[in-house]
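At position 159 of the sequence shown (counting the first as 1) the number is 159 in the UniProt record's numbering, and the numbers step up by one without a gap.
Wrong hints could be hidden among the right ones.
Within a straight-line C-alpha distance of at most 27 Å, the following computed BS3-like cross-link-like pairs (lysine-lysine) qualify [to be verified]:
{"#": "1", "residue 1": "K317", "residue 2": "K156"}
{"#": "2", "residue 1": "K146", "residue 2": "K97"}
{"#": "3", "residue 1": "K3", "residue 2": "K97"}
Cβ pair distances, simulated, as ranges [unchecked claim]:
{"#": "4", "residue 1": "V337", "residue 2": "K278", "range": "48 to 58 Å"}
{"#": "5", "residue 1": "L196", "residue 2": "E275", "range": "20 to 30 Å"}
{"#": "6", "residue 1": "V337", "residue 2": "G229", "range": "30 to 40 Å"}
{"#": "7", "residue 1": "V337", "residue 2": "Q93", "range": "26 to 36 Å"}
{"#": "8", "residue 1": "D223", "residue 2": "M1", "range": "48 to 58 Å"}
Keep in mind that the hints were calculated from the coordinates and are not lab data.
For every residue, glycine included, the Cβ atom is placed at its ideal position computed from N, Cα and C.
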Amino acid sequence: MNKILVTGGAGYIGSHTVVELAQAGYTPIIVDNFSNSEERVLEGLAQIVGKEIPCYKVDCTDAAALQEVFSKEGNIDGVIHFAAAKAVGESVQNPLKYYHNNVTGLVTLLQVMEANNVTKLVFSSSCTVYGVPDQLPVTEETPTKKANSPYGNTKKIDEEILQDVAASGSSLRSIALRYFNPVGAHESALIGELPLGIPSNLVPFITQTAAGIRESLTVFGTDYDTPDGSNIRDYVHVVDLAKAHLAALKRLENPEAVPFEVFNIGTGQGSSVLEVIKAFENATGQKFNYKVGPRRAGDVPAIYADVTKATQELGFKTSLSLEDSLGSSWTWQQQLVKK
């Protein structure tokens, strides 16, 4: 059973990927500093997969602590790297935190991987690397532009680092998955998105507002050049997204894997903020208050994926709908309220 180190494995996407890894016969090992996650996630993981998942409370910028994990576990076959700060708005306000966590963290991880002869890496990237695209949908060949936020820039820099390492003749083989917008929760409602404090993402803010935790939701701008004036995003169910990491890992296990590749991971369809609100109400029967506010710094007007490459070369395609995502998010929110 191949050991896969999952940095940020107690986080939202990381925890769902740990489940898919365990159910596919891998042995996931979690590294997480719990700056944006909670240790109770480990209990949910254990219930879903039927055993405890090894977890180390370690920051990826700490080379010595990372090396201890590699030494203790031994024979780590590959790494899936999620650990990063990820809020667009916060990155605008606190860019140094983002450059330290997201860039230094990757460099440190790569150095420790190299020292331990670990050569497979799946990297958590983002569609933010495309900036404000000239054409939609975006393909992997769409030019990356100046990022709209420090968060987006860290992902762009990280991809460039991986490209440079690949070009150096290193034995590292890496795949960057450019996520669109992850939503939803595991069908068990034992794990899901767990924002600490006020959510920065749309769907948890919707569910918290519907649950009465937030007074109302603010739609940040309805004056964009989109059909209804609100931002358009490609919302992909987190379980589908988790499965994409397994597809990427299997590609890296092929001896003929190339040094560096990128894949868009989305549904291939865009939905506006106002459409998501309506879809949530339809999927759950819940109504809630929302108001319109000014645009938010760093937000891209519209972006959604062309997923042809992932379908053809990774053999990956999403299977869950926006309504599936929103329904599972609401079930998860109700479980959180009970706790």
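Okay, the hints, checked on the actual structure:
Taking the CA atoms of K317 and K156, the gap is near 24 Å; set against the 27 Å cutoff, the hint holds. Between K146 and K97 the CA atoms are separated by roughly 19 Å; this keeps the pair inside 27 Å, and the hint holds. At roughly 30 Å between alpha-carbon atoms, K3 and K97 are farther apart than 27 Å, so this suggested pair is violated. For the hinted restraint 48 to 58 Å between V337 and K278, the CB-CB distance of approximately 23 Å leaves it violated.
Here the CB-CB span from L196 to E275 is close to 28 Å, well matched to the stated 20 to 30 Å. At about 32 Å, the beta-carbon gap between V337 and G229 stays in the expected band of 30 to 40 Å. Here the CB-CB span from V337 to Q93 is close to 30 Å, well matched to the stated 26 to 36 Å. For D223 paired with M1, a C-beta distance near 53 Å keeps the hint of 48 to 58 Å intact.
Taken one by one, the earlier hints fail for this structure at numbers 3, 4, listed in ascending order.
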